Amino acid sequence: MKFSYNWIREYVDLPAELSMKQLSYDLTMRTVEVEDTENLAEALDQVVIGVIKAVEPHPQADRLAVCKVDVGMPEQAVIVCGGINLAVDQKVAVALPGSMVRWHGEGEPVQVKKAKLRGVESYGMICASSEIGLKDLFPSIDEREIMDLSTFEAEAGTALAEVLLLDDQILEIDNKSMTNRPDLWGHYGIARELAAIYNKPLKPLPTAAVPDQIAGFPVEIDATDRCNRYIAAVYSGLKYEPSPYWLQLKLWKVGLRPINNLVDITNYVMLATGQPTHGFDKDHVDEKIIVRNARSGEKLEMLDSSKLNLSEDDLVICDVNKPMALAGIMGGKSDSILPETTEMILELAKFNPTTTRRSAQRHSMRTEAGVRNEKGVDAERMDQAIGVADQLIEELIPGAKLTAYEDCWPVHVTYPEIEVPLSFLNVRLGRELDFAAVEASLKPLGFEVKVSRRTETDTIFKVIVPSWRGTGDIDLPDDILEEVARMIGYENFDFIPPQIKLDKAIRQRNIETERAVKEYLAFRAGFQEIFTYPWIDDQYLEAAAIDPASCLKLATPPSPETSHLRSSLVPGMLEAIAKNLRYFDSMKIFELTQVFEPGTSNPSEAAETLPLMRRSLAAAVVGKDPVQVFREAKGVIELMPRIVQIEGLSFAQQEKPGWADQKVWLNIMAGDQVIGTLALLSVQTMHAADIRKTMAAVIELDLEKLEPLPSRENKYQPLPQLPLVEQDFSILVDRTVKWQEIEELISGMVKRCAFVEEYSGKQVPEDKKSVMFRVWLGSDTKTLTAEEIDAESQRILNKIRKKLGGEIRHG
Amino acid sequence: MKDKLMTMRDECLDAIAQAGSEQTLEETRLKFLGKKGELTSILKLLGKLPPEERKETGMLANQVKNQLTEALEAREQALIAEKSVVDGEFDLTVPGVMPESGSLHPITQMCYDLNDAFHSMGFEVFSEDEITSELYGFDHLNFPPAHPARESMDTYWLEGSENETGAKRLCLRPHLTGASVRYLKEHGAPARFVYPGRVYRNENTDARHERAFFQYEALIVDRDFSFASGKLLVKTILDKVFGRDVDVRMRAGFFPFVEPGFEIDMKCLVCGGKGCRVCKHVGWIEVMPGGTPHPNVLKAASLDPLEWSGFYINVGLDRLVMMRTGVDDVRMFHSADLRFLSQFK
Numbered sequence: 001m002k003f004s005y006n007w008i009r010e011y012v013d014l015p016a017e018l019s020m021k022q023l024s025y026d027l028t029m030r031t032v033e034v035e036d037t038e039n040l041a042e043a044l045d046q047v048v049i050g051v052i053k054a055v056e057p058h059p060q061a062d063r064l065a066v067c068k069v070d071v072g073m074p075e076q077a078v079i080v081c082g083g084i085n086l087a088v089d090q091k092v093a094v095a096l097p098g099s100m101v102r103w104h105g106e107g108e109p110v111q112v113k114k115a116k117l118r119g120v121e122s123y124g125m126i127c128a129s130s131e132i133g134l135k136d137l138f139p140s141i142d143e144r145e146i147m148d149l150s151t152f153e154a155e156a157g158t159a160l161a162e163v164l165l166l167d168d169q170i171l172e173i174d175n176k177s178m179t180n181r182p183d184l185w186g187h188y189g190i191a192r193e194l195a196a197i198y199n200k201p202l203k204p205l206p207t208a209a210v211p212d213q214i215a216g217f218p219v220e221i222d223a224t225d226r227c228n229r230y231i232a233a234v235y236s237g238l239k240y241e242p243s244p245y246w247l248q249l250k251l252w253k254v255g256l257r258p259i260n261n262l263v264d265i266t267n268y269v270m271l272a273t274g275q276p277t278h279g280f281d282k283d284h285v286d287e288k289i290i291v292r293n294a295r296s297g298e299k300l301e302m303l304d305s306s307k308l309n310l311s312e313d314d315l316v317i318c319d320v321n322k323p324m325a326l327a328g329i330m331g332g333k334s335d336s337i338l339p340e341t342t343e344m345i346l347e348l349a350k351f352n353p354t355t356t357r358r359s360a361q362r363h364s365m366r367t368e369a370g371v372r373n374e375k376g377v378d379a380e381r382m383d384q385a386i387g388v389a390d391q392l393i394e395e396l397i398p399g400a401k402l403t404a405y406e407d408c409w410p411v412h413v414t415y416p417e418i419e420v421p422l423s424f425l426n427v428r429l430g431r432e433l434d435f436a437a438v439e440a441s442l443k444p445l446g447f448e449v450k451v452s453r454r455t456e457t458d459t460i461f462k463v464i465v466p467s468w469r470g471t472g473d474i475d476l477p478d479d480i481l482e483e484v485a486r487m488i489g490y491e492n493f494d495f496i497p498p499q500i501k502l503d504k505a506i507r508q509r510n511i512e513t514e515r516a517v518k519e520y521l522a523f524r525a526g527f528q529e530i531f532t533y534p535w536i537d538d539q540y541l542e543a544a545a546i547d548p549a550s551c552l553k554l555a556t557p558p559s560p561e562t563s564h565l566r567s568s569l570v571p572g573m574l575e576a577i578a579k580n581l582r583y584f585d586s587m588k589i590f591e592l593t594q595v596f597e598p599g600t601s602n603p604s605e606a607a608e609t610l611p612l613m614r615r616s617l618a619a620a621v622v623g624k625d626p627v628q629v630f631r632e633a634k635g636v637i638e639l640m641p642r643i644v645q646i647e648g649l650s651f652a653q654q655e656k657p658g659w660a661d662q663k664v665w666l667n668i669m670a671g672d673q674v675i676g677t678l679a680l681l682s683v684q685t686m687h688a689a690d691i692r693k694t695m696a697a698v699i700e701l702d703l704e705k706l707e708p709l710p711s712r713e714n715k716y717q718p719l720p721q722l723p724l725v726e727q728d729f730s731i732l733v734d735r736t737v738k739w740q741e742i743e744e745l746i747s748g749m750v751k752r753c754a755f756v757e758e759y760s761g762k763q764v765p766e767d768k769k770s771v772m773f774r775v776w777l778g779s780d781t782k783t784l785t786a787e788e789i790d791a792e793s794q795r796i797l798n799k800i801r802k803k804l805g806g807e808i809r810h811g
Numbered sequence: 001m002k003d004k005l006m007t008m009r010d011e012c013l014d015a016i017a018q019a020g021s022e023q024t025l026e027e028t029r030l031k032f033l034g035k036k037g038e039l040t041s042i043l044k045l046l047g048k049l050p051p052e053e054r055k056e057t058g059m060l061a062n063q064v065k066n067q068l069t070e071a072l073e074a075r076e077q078a079l080i081a082e083k084s085v086v087d088g089e090f091d092l093t094v095p096g097v098m099p100e101s102g103s104l105h106p107i108t109q110m111c112y113d114l115n116d117a118f119h120s121m122g123f124e125v126f127s128e129d130e131i132t133s134e135l136y137g138f139d140h141l142n143f144p145p146a147h148p149a150r151e152s153m154d155t156y157w158l159e160g161s162e163n164e165t166g167a168k169r170l171c172l173r174p175h176l177t178g179a180s181v182r183y184l185k186e187h188g189a190p191a192r193f194v195y196p197g198r199v200y201r202n203e204n205t206d207a208r209h210e211r212a213f214f215q216y217e218a219l220i221v222d223r224d225f226s227f228a229s230g231k232l233l234v235k236t237i238l239d240k241v242f243g244r245d246v247d248v249r250m251r252a253g254f255f256p257f258v259e260p261g262f263e264i265d266m267k268c269l270v271c272g273g274k275g276c277r278v279c280k281h282v283g284w285i286e287v288m289p290g291g292t293p294h295p296n297v298l299k300a301a302s303l304d305p306l307e308w309s310g311f312y313i314n315v316g317l318d319r320l321v322m323m324r325t326g327v328d329d330v331r332m333f334h335s336a337d338l339r340f341l342s343q344f345k
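Going line by line, the protein sequences match chains X and U. With the first letter of the first sequence counted as 1, position 553 gets the number 553 in the working numbering; the numbers rise by one all the way through. With the first letter of the second sequence counted as 1, position 334 gets the number 334 in the working numbering; the numbers rise by one all the way through.
In short, the hints are calculated from the structure, not lab data. Here the structure is a predicted model, which is why all the values come from computation and not from measurement. Please note that the accuracy of each hint is not assured.
Claimed, not checked - Lysine-lysine pairs mimicking DSSO-like chemistry, simulated, CA-CA at most 30 Å apart:
#1 504/X / 239/X
#2 504/X / 280/U
#3 280/U / 21/X
Said to hold, decoys possible - Computed list of chain X residues with no C-beta within reach of chain U, every gap over 10 Å:
#4 201
#5 553
#6 607
Said to hold, decoys possible - Chain X side only, calculated, beta carbon under 7 Å to chain U, not exhaustive:
#7 55
#8 58
#9 59
#10 482
#11 488
#12 490
#13 496
#14 520
#15 532
#16 549
#17 552
#18 554
#19 608
#20 612
C-beta atoms are modelled at their ideal positions from N, C-alpha and C, and glycine is treated no differently.
Model the full assembly from the supplied sequences, consistent with the hints where possible.
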């Protein structure tokens, strides 16, 4: 929101030497964030009043004129201009060379230079209001119309900013930082803060002189839960006309467009006090004002010509026949201020913030009034607002008269009184304060501070909260603490190192294991960690053959096809593979995060039932060769327990997930419990996920089922005293023979054996495969002789031949 | 004969000096000192000399032999010292063979960096589930009943629960702050812990806005704790992220779950506080909110707010990573695009 520094200073005399920079800093540190400041006069540097002395046609161009203009210099300036309303003796705005203008009111400002226009040199330019950012203050009908300033008393050559009273600074305050402070949404509220910061008196606002004998006006509040005070002030003898320049200027400076005197008055009151107001044409109000919930199906055309379909959730201002305004947001088109209005009902009311916000949201109407009403308004401010309005109407419209007045106030609110122990403030602030210091912080903000009682060791204050801070903002000792601290200034508190007691080291095995798994995959196994969204695209859910009914759903998903929450990380993995295949033909990726399933869990209390959630790991090895990718993924699982320091894992075939290949899949086992799967993606899954011309081995693992070891486990084995002998074997066996069978067969006969490679294809009969493996032979008591080694080898081969029907290719 | 010896010696020394390889050196040795070498043929003439000359010349011949043997050895050592294990040219500019390396997501990296820093000060790491209830997401955190963030425009409520209230209305967590109450309920106070994680907001995305993003919260709860101690949390984070001492200021800010609440700024690292485009000419950059846990939050965690106080901060990890690495589109973090992710090692 924009604030005018001059306007603020009508309410408080700030130190003369105070710079805008300092003020911005102080306000930002203590109250609200000043995002920017703007010096209005600076933007109009080198723009002066000119008086046109002669207008002659341009010799080369029909649409241009050559003007002789008195710009306060010894010689008249020659200025070429295309304005359609140029006239001799007219006062105009002249942008001299060096000034900044926006061509045709658009784009970034550019510097004016002396230039030849169709052969005639022009000394600067005569401006249209849009060219110097004054379009809303001086509206033009035709874009070629120049600003006519003839009504202003000004010598030629006077700076335009001075003539237009633009010597002002505008503060732009971040709305977000004011959301909890409804009292700051008017100039008076900011003035109050500044008065407190700089310890200057805040000037009182005028109060309305409502005669005792004045007539009432019938007001009926049906929905008292949505409106607890409504003032209707009836003014007669009004005249609809443009506001005087000073009023237009004041509104314009803070970003509002001047409209007419009556509407401008209502806006002025809001900008001064923060209290929204609205004017109804009294002739249009039948009998009385009724504040009630709208009826379903009721319609209302608004001031901005939008047509609303109202519902019972909306609050409306009506007469006996019809709705006339959407309460606290915007007036209706037909019954608000009109050119023929001579009698106005001025509304000041306190509406329920939530009702206002929801109506504004439902009808997409963000208005100045709505923004303020949805933050809450206090009753005292309404009294201030009627005072400001009354004075302004009297000043602007001679003959205007307050003829009727009604203050319908069914529900009074009390404002809190808070007990604050001095010790509380001292401990939490980390410094010693006394009553005077506390009072000095709070009183200028409108708080009343009294000593409630004293104990031997403490003083208890009673703090009475002013109405404008009692809108939900302040009701606890901690709130008072904040007020005291910010007035002392947060920058004036030195850092106090916290004292920490150490009693034991931190051991969090679950958290440590998760990190160990991630670091193992990334740093040892060469995987890249990825993140995907928890809501899954239906395409990938289907590709992973997961039943959507087994997934939780979002009520308002990011898009209709991403409404399901993941119960597995596999669908996200499919999408990541498919997308990355555009750039890579092989990859290793993993994701480790929570997945969700219907069910019940109570992590914190019995009353709160959450669905099932667990951390899961998915990893994929993608490449051309199915055997290669599968073995690589399998190796990752085989090595993991040792590196991550968890209980061992094994493999078995028990439950095949839908996305797994018909043949190539294994469950990952912890003991006899299935805790995951390692498998090639099935043909069907790859088709559905658009994964083409490649193979992918995918690991899915329930991280919660990994059992961290209590401490690092790695048992030492004495080194062999006698040398071992390595022997390689290559055998030809049926394709159905498993490596595991070979291994089991020979492992008892050797110190160690290891798979080397497997081959089927050329030079191998169709139903056979060649398996190569290596064994280590040795004795604990002596070094084997060549004959003994040969004999051992023969024994191994004989056994394979006998049990598996294999034959030796070479040994 | 002495002359012959001397001449042979000089020839041999010349040849040794000129030998450019071990092979020529060996040839030289054989030629002069070998069994059929020149020294041997000279020595064969020794017997023909008169006895008195024989002894003298024999000694001289021995000296020459020793001298030459030493010269040969010295030359051999010199040649070995000059020698490379590789014959011919070797291109040192050919790149190395790098170890196969994956990497952690840049957000994880940042998160672990911060965990390590807080761990060193005795903070635990806590992680809350991603689905929470309105009770823990809002009610316990002192959000007023009609707070806009509770509406479905802002929060991802679960289908079937969206019209319930409190403990029965479930959502993807809108922030991490609710985890503080869960932890305190479970472990009590005093406590110091961090709780990183992903949070969700129902909003439109662009280069600066995401529906899923990461936060990092740290909380200390202790007796008689002043907010003036809270800077420790802020500085721990910023010093770790930027690798140097960063100036910090705390100014008034409002959040329902803290009182007093702060917006915390760091001095702009680009201009050093003078004001530049990066800091919008303010000299300071807003980095995180923070404050003392609101009494209602402590009460929700079954702690007496008169006894316990503390300090909390919440920082957006996505933004920290963006500031540290120059990433200019927050949506990259969930893109799973390996061209992007593999840049962060």
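Now the hints, each set against the structure:
1. 504/X / 239/X: Distance of about 80 Å is beyond 30 Å: violated.
2. 504/X / 280/U: violated (46 Å)
3. 280/U / 21/X: OK: residue 280/U and residue 21/X at ~14 Å, within 30 Å.
4. 201: Per Cβ check, residue 201/X is outside 10 Å of chain U; nearest 23 Å; holds.
5. 553: violated (4 Å)
6. 607: violated (5 Å)
7. 55: violated (44 Å)
8. 58: violated (43 Å)
9. 59: Where the cut-off is 7 Å and the nearest Cβ of chain U is about 47 Å from residue 59/X, the hint is violated.
10. 482: holds (3 Å)
11. 488: violated (11 Å)
12. 490: Because about 5 Å separates residue 490/X from the closest Cβ in chain U, which is inside the 7 Å limit, the hint holds.
13. 496: holds (5 Å)
14. 520: violated (10 Å)
15. 532: It holds, given that the least Cβ distance between residue 532/X and chain U is near 5 Å, below 7 Å.
16. 549: violated (12 Å)
17. 552: At about 6 Å, which falls below the 7 Å cut-off, the nearest Cβ of chain U leaves the hint on residue 552/X intact, so it holds.
18. 554: holds (5 Å)
19. 608: It holds, given that the least Cβ distance between residue 608/X and chain U is near 4 Å, below 7 Å.
20. 612: Hint violated; residue 612/X Cβ to chain U Cβ min 10 Å, cut 7 Å.
When each numbered hint is compared with the structure, violations occur for hints 1, 2, 5, 6, 7, 8, 9, 11, 14, 16, 20.
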